[in-house]
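Asks: What follows is the residue order along each chain.
6 protein chains.
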Amino acid sequence: MFPTQKVKSLVGKFIQVEMKGEQNILVGKLESVDDYMNLLLSETSEYRDGEKIRTLGSVVLRGNNIILIQPFKE
Amino acid sequence: MFPTQKVKSLVGKFIQVEMKGEQNILVGKLESVDDYMNLLLSETSEYRDGEKIRTLGSVVLRGNNIILIQPFKE
Amino acid sequence: MFPTQKVKSLVGKFIQVEMKGEQNILVGKLESVDDYMNLLLSETSEYRDGEKIRTLGSVVLRGNNIILIQPFKE
Amino acid sequence: MFPTQKVKSLVGKFIQVEMKGEQNILVGKLESVDDYMNLLLSETSEYRDGEKIRTLGSVVLRGNNIILIQPFKE
Amino acid sequence: MFPTQKVKSLVGKFIQVEMKGEQNILVGKLESVDDYMNLLLSETSEYRDGEKIRTLGSVVLRGNNIILIQPFKE
Amino acid sequence: MFPTQKVKSLVGKFIQVEMKGEQNILVGKLESVDDYMNLLLSETSEYRDGEKIRTLGSVVLRGNNIILIQPFKE
Chain A
9 MFPTQKVKSL
19 VGKFIQVEMK
29 GEQNILVGKL
39 ESVDDYMNLL
49 LSETSEYRDG
59 EKIRTLGSVV
69 LRGNNIILIQ
79 PFKE
Chain B
9 MFPTQKVKSL
19 VGKFIQVEMK
29 GEQNILVGKL
39 ESVDDYMNLL
49 LSETSEYRDG
59 EKIRTLGSVV
69 LRGNNIILIQ
79 PFKE
Chain C
9 MFPTQKVKSL
19 VGKFIQVEMK
29 GEQNILVGKL
39 ESVDDYMNLL
49 LSETSEYRDG
59 EKIRTLGSVV
69 LRGNNIILIQ
79 PFKE
Chain D
9 MFPTQKVKSL
19 VGKFIQVEMK
29 GEQNILVGKL
39 ESVDDYMNLL
49 LSETSEYRDG
59 EKIRTLGSVV
69 LRGNNIILIQ
79 PFKE
Chain E
9 MFPTQKVKSL
19 VGKFIQVEMK
29 GEQNILVGKL
39 ESVDDYMNLL
49 LSETSEYRDG
59 EKIRTLGSVV
69 LRGNNIILIQ
79 PFKE
Chain F
9 MFPTQKVKSL
19 VGKFIQVEMK
29 GEQNILVGKL
39 ESVDDYMNLL
49 LSETSEYRDG
59 EKIRTLGSVV
69 LRGNNIILIQ
79 PFKE
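Protein chains in written order, with the working numbering: chain A, 9 to 82; chain B, 9 to 82; chain C, 9 to 82; chain D, 9 to 82; chain E, 9 to 82; chain F, 9 to 82.
Bear in mind the hints are in silico, worked out from the structure with no lab data behind them.
As the structure is a computational prediction, the values presented were derived from the model and not from experiment.
One or more of the hints may lead you astray.
If chains are identical, the list can't say which one is meant, so a pair holds when it fits in one copy or spans any two.
Computed cross-link-like contacts, DSSO-like style, restricted to lysine-lysine with a CA-CA straight-line distance of at most 27 Å [as the list claims (entries may be wrong)]: (1) Lys16 x Lys60; (2) Lys28 x Lys81; (3) Lys81 x Lys37.
The whole structure should be built from the sequences, with the hints applied where relevant.
Replies: See the structure below:
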């Protein structure tokens, strides 16, 4: 399975994302992903040191500024 | 809905944008977006910690330096 | 009007540009712009906190490192 | 052997990766790589100063934010 | 004249370049430039606060990490 | 000679590379380079202030995060 296929396989599930220029981790339900790894998340929250610090709702993340994506484990 | 379609669906509405290399959040009315997620905003303001600190008016934001886009909730 | 068209409409006028990796704002007369948003400015100056701190003359700015472009308001 | 072929030759082996915006080194088993050098790793861990500090499991790393890839030597 | 044409017009002349991730300014004779604004410089030196601090000789600079190019004025 | 040709001409020789997000300089024997300036180096070492601080062996460097490449002068 290629990296982008792996990301597509996570649609409908909660993922966590590290962004360049974001100290906190974003956790949200993956609604869609395109070939540039741009992401649409819903029910997004910001986490710092394992604690939820902010609720963001629906967000679009720019693919080229993503560092790391992984399934969310609470 | 794909991430870029989500952004296009926000044309005419106020959005908030986090840019790489900008500590503050930009809030403006989305006038247009292209396939690279370059954005044209009008009535743009800069916010820090939830407070408006500067009025910018009409701005163009370079897509590849966008971190996060979301609908603006006052 | 798309974002790049907006930038093209500013040719011949003074604009201000925030670059990644530049703390100061660049102000110059926009001579040309290409599809990557690379910019050629003339009569360029560097501004910090609203004050002109350096004169640069003719400069080329790399499009992918641009954060924000706006018309210059003195 | 070209750089991307070198990376492909490491599929099935443990590699270590330095990412932009990550102080720690990521070590994982390379499951797949695409033409953009996006990586899918399994059994991933984070290392700081040679010590494992966190277990991440399965992660996708965005190719354009990779600095350096090398075979893992314990 | 488009931005890349401007850069090409400087071949054979000394230019100064600001790079992302480089605090110092690079000054060198522009030997060649390609469509990505990758640059080949000869007789390159590093300048800090207007003083030459290091001689580098022949260097290749990666276009997408260039912030600003201008003709060198001693 | 174009910038990428210059880099190709260095295959088989030792080069030094400055990477974005790496404080140290990497020195290694250039094994191969592709059109994106991704590099495969062997016998790589990390240098800080002119002193070798670490031996890395075989590494792949991502082209878009390269700042500067030059022939290595011991």
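Asks: Work down the list of hints and note, for each, if the structure agrees.
Replies: Outcome of the hint check:
1. Lys16 x Lys60: within (25 Å within a copy, 29 Å between copies)
2. Lys28 x Lys81: Answer is both; intra-copy 21 Å and inter-copy 24 Å each pass.
3. Lys81 x Lys37: both (12 Å within a copy, 20 Å between copies)
The structure shown violates none of the earlier numbered hints.
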